[in-house]
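Novice: For reference, the chains in residue letters:
2 protein chains.
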Amino acid sequence: MQVLIIGAAGMVGRKLAERLTRDRVLAGQTVDAMTLVDVVAPEAPNAFAGKVSLQTLDLSEPGSADTLIASRPDVIFHLAAIVSGEAELDFEKGYRINLDGTRHLFEAIRLAHLADGYRPRLVFTSSIAVVGAPLPYPIPDEFHTTPLTSYGTQKAICELLLSDYSRKGYFDGIGIRLPTVCIRPGKPNKAASGFFSNILREPLVGQEAVLPVSDDVRHWHASPRSAVGFLIHGATIDLEKVGPRRNLSMPGLSATVGEQIEALRRVAGEKAVKLIRREPDEMIMRICAGWAPGFEATRARALGFTAENSFDEIIRVHIEDELGGNL
Amino acid sequence: MQVLIIGAAGMVGRKLAERLTRDRVLAGQTVDAMTLVDVVAPEAPNAFAGKVSLQTLDLSEPGSADTLIASRPDVIFHLAAIVSGEAELDFEKGYRINLDGTRHLFEAIRLAHLADGYRPRLVFTSSIAVVGAPLPYPIPDEFHTTPLTSYGTQKAICELLLSDYSRKGYFDGIGIRLPTVCIRPGKPNKAASGFFSNILREPLVGQEAVLPVSDDVRHWHASPRSAVGFLIHGATIDLEKVGPRRNLSMPGLSATVGEQIEALRRVAGEKAVKLIRREPDEMIMRICAGWAPGFEATRARALGFTAENSFDEIIRVHIEDELGGNL
Numbered sequence: 001m002q003v004l005i006i007g008a009a010g011m012v013g014r015k016l017a018e019r020l021t022r023d024r025v026l027a028g029q030t031v032d033a034m035t036l037v038d039v040v041a042p043e044a045p046n047a048f049a050g051k052v053s054l055q056t057l058d059l060s061e062p063g064s065a066d067t068l069i070a071s072r073p074d075v076i077f078h079l080a081a082i083v084s085g086e087a088e089l090d091f092e093k094g095y096r097i098n099l100d101g102t103r104h105l106f107e108a109i110r111l112a113h114l115a116d117g118y119r120p121r122l123v124f125t126s127s128i129a130v131v132g133a134p135l136p137y138p139i140p141d142e143f144h145t146t147p148l149t150s151y152g153t154q155k156a157i158c159e160l161l162l163s164d165y166s167r168k169g170y171f172d173g174i175g176i177r178l179p180t181v182c183i184r185p186g187k188p189n190k191a192a193s194g195f196f197s198n199i200l201r202e203p204l205v206g207q208e209a210v211l212p213v214s215d216d217v218r219h220w221h222a223s224p225r226s227a228v229g230f231l232i233h234g235a236t237i238d239l240e241k242v243g244p245r246r247n248l249s250m251p252g253l254s255a256t257v258g259e260q261i262e263a264l265r266r267v268a269g270e271k272a273v274k275l276i277r278r279e280p281d282e283m284i285m286r287i288c289a290g291w292a293p294g295f296e297a298t299r300a301r302a303l304g305f306t307a308e309n310s311f312d313e314i315i316r317v318h319i320e321d322e323l324g325g326n327l
Numbered sequence: 001m002q003v004l005i006i007g008a009a010g011m012v013g014r015k016l017a018e019r020l021t022r023d024r025v026l027a028g029q030t031v032d033a034m035t036l037v038d039v040v041a042p043e044a045p046n047a048f049a050g051k052v053s054l055q056t057l058d059l060s061e062p063g064s065a066d067t068l069i070a071s072r073p074d075v076i077f078h079l080a081a082i083v084s085g086e087a088e089l090d091f092e093k094g095y096r097i098n099l100d101g102t103r104h105l106f107e108a109i110r111l112a113h114l115a116d117g118y119r120p121r122l123v124f125t126s127s128i129a130v131v132g133a134p135l136p137y138p139i140p141d142e143f144h145t146t147p148l149t150s151y152g153t154q155k156a157i158c159e160l161l162l163s164d165y166s167r168k169g170y171f172d173g174i175g176i177r178l179p180t181v182c183i184r185p186g187k188p189n190k191a192a193s194g195f196f197s198n199i200l201r202e203p204l205v206g207q208e209a210v211l212p213v214s215d216d217v218r219h220w221h222a223s224p225r226s227a228v229g230f231l232i233h234g235a236t237i238d239l240e241k242v243g244p245r246r247n248l249s250m251p252g253l254s255a256t257v258g259e260q261i262e263a264l265r266r267v268a269g270e271k272a273v274k275l276i277r278r279e280p281d282e283m284i285m286r287i288c289a290g291w292a293p294g295f296e297a298t299r300a301r302a303l304g305f306t307a308e309n310s311f312d313e314i315i316r317v318h319i320e321d322e323l324g325g326n327l
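Residue numbers (the UniProt record's numbering), protein chains in the order written: chain X, 1 to 327; chain W, 1 to 327.
Read the hints as simulated data drawn from the structure, not as lab findings. Among these hints, one or two may not hold up.
Identical copies go unnamed one by one, so any copy, or any two together, can satisfy a pair.
To be verified - No more than 20 Å apart at the CA atoms, straight line, and that leaves these computed lysine to any residue pairs for SDA-like:
hint: 1; residue 1: 168; residue 2: 133
hint: 2; residue 1: 15; residue 2: 70
hint: 3; residue 1: 93; residue 2: 103
hint: 4; residue 1: 190; residue 2: 298
hint: 5; residue 1: 187; residue 2: 284
hint: 6; residue 1: 51; residue 2: 74
hint: 7; residue 1: 168; residue 2: 113
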């Protein structure tokens with residue numbers, strides 16, 4: 001089996017390639033070849049036993065998608081996107097990369113389907129940004145997509161395209177609405193949502209972290225390990241069971257910042273909690289107010305998608321996967 | 001005030017131009033000029049006191065949209081689309097006309113906005129086809145868009161674009177989800193939904209009509225006069241009150257075929273009803289099963305959009321507007 005990962009240089013893409021390297025099997029078949037693609041050079045995973053091809057290209061450039069489809073990959077993970085903040089600042093780039101890039105990919109597959117019946121599994125990473133405030137809690141699976149960012153709009157449009165191309169039989173697609181990935185490894189970044197990870201990741205290694213919002217802010221989380229698990233499960237399950245509504249809000253953990261901090265206290269003690277410095281930021285608080293507090297995710301759970309059940313667990317996953325199991 | 005109607009040769013477009021000709025005023029301002037555009041030559045309305053410009057062009061052709069925006073119309077009604085059946089049969093044409101055409105228009109307006117601050121009111125006709133079975137009855141305003149046709153997908157995508165371009169301030173848009181327009185004037189056509197109109201329109205003039213489904217089929221209707229009323233109201237209301245969720249399910253009348261027939265009996269008597277010939281058609285029955293039975297339309301009603309309250313009224317509107325008031 002041949003696997004294509006578009007957006008392979010990103011955090012989830014790298015972890016997905018590592019997982020496939022470890023598993024070596026996807027949907028009951030041996031992964032013989034992986035093609036890793038991104039706009040910046042992706043790294044080859046350590047010790048993959050099959051063939052790895054690395055490509056640097058921009059999906060929004062004419063012809064790029066056709067190049068990727070030429071070898072007829074069996075499973076395509078499409079993770080490539082510019083992030084929310086950038087899509088908001090650069091309207092044209094957001095639509096070009098996040099919408100047109102995806103549409104080029106879908107069209108290349110459709111034309112290959114018409115040519116020779118090619119019909120891959122396509123796993124697309126969507127986002128909880130497809131919904132927009134005011135939001136109920138929990139948000140039901142049937143809630144409408146009324147995004148309040150260009151990024152969320154682009155993801156919602158790609159979801160609609162994915163359903164339609166799947167319904168027509170051009171590919172067998174599934175859209176995975178990822179919760180906010182927490183604890184995000186790496187350094188603190190300037191993303192407005194960065195603090196959800198910062199306030200746990202930094203204190204776990206003895207570093208200070210800034211908390212810009214109040215303790216009662218509620219949000220929707222899953223670990224990087226769960227995020228990769230969703231994608232693998234999406235590539236594996238029988239899509240007949242999913243039916244025509246191909247875009248699924250993933251399970252996750254709804255928690256307040258206060259609950260995150262209590263979990264940190266239980267796992268790493270008071271000295272870790274003391275490293276959190278409260279520095280209220282009006283702008284971040286305003287942005288946060290529009291974010292999803294949590295989803296029912298009834299359909300996804302029934303289809304076997306699973307996530308963490310407590311923030312203690314999310315922290316332990318981070319310690320295992322990023323800190324070698326040691327605190 | 002300058003008004004542009006794209007899709008002016010269609011049934012609703014023609015009636016809209018006639019209404020503006022009669023009213024001569026829109027949103028409190030005199031309509032000085034109307035530009036009527038379609039892929040087939042539109043007709044000039046009778047006796048419009050202002051300037052009329054007729055144009056035949058295809059919005060999906062590069063440059064077409066820029067031509068239309070050059071004169072900076074104050075209000076744009078975008079009604080142009082290929083219909084559901086054609087979009088389903090010709091995938092490429094459907095996306096080219098219904099999605100790319102609309103996007104060209106939106107982009108032309110955005111570029112004009114960036115050039116000189118132009119920011120028109122834009123009224124877009126969406127459709128109840130943005131929802132797909134299984135459907136609750138009534139369908140709430142917050143119900144998700146999971147279309148089961150390419151046409152519905154294209155309309156749902158344009159709704160998302162309309163909200164995002166409006167949010168960014170490029171234009172002031174509103175999306176009007178039209179119910180099935182009934183009684184549609186003209187001759188019986190081959191649209192699967194044609195019978196809803198045929199079984200009333202034809203018997204009213206002494207002609208036989210075929211009913212291919214059972215009496216308990218429930219659907220969502222509004223008269224052509226109401227459809228035009230929605231567009232006029234959409235061009236007029238304060239969009240601050242609408243907020244960021246710019247696409248509204250219009251009010252309408254939820255009725256079964258049996259209730260339609262009873263209304264016909266009350267208005268035109270038993271001899272009209274006897275002209276309905278029952279000829280069950282499995283395919284049409286199957287297609288119908290996926291259609292919307294009715295919407296709550298709570299938001300649209302609160303915003304002052306109104307439709308008929310009975311099928312007797314819908315039939316009387318047809319008699320007034322199409323049969324000169326005489327039965």
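Novice: Look at each hint and say if it fits the structure.
Specialist: Cross-check of the supplied hints:
| no. | hint | result |
| --- | --- | --- |
| 1 | 168 - 133 | between (32 Å within a copy, 16 Å between copies) |
| 2 | 15 - 70 | neither (25 Å within a copy, 50 Å between copies) |
| 3 | 93 - 103 | both (14 Å within a copy, 15 Å between copies) |
| 4 | 190 - 298 | neither (33 Å within a copy, 40 Å between copies) |
| 5 | 187 - 284 | within (19 Å within a copy, 59 Å between copies) |
| 6 | 51 - 74 | within (15 Å within a copy, 59 Å between copies) |
| 7 | 168 - 113 | within (11 Å within a copy, 37 Å between copies) |
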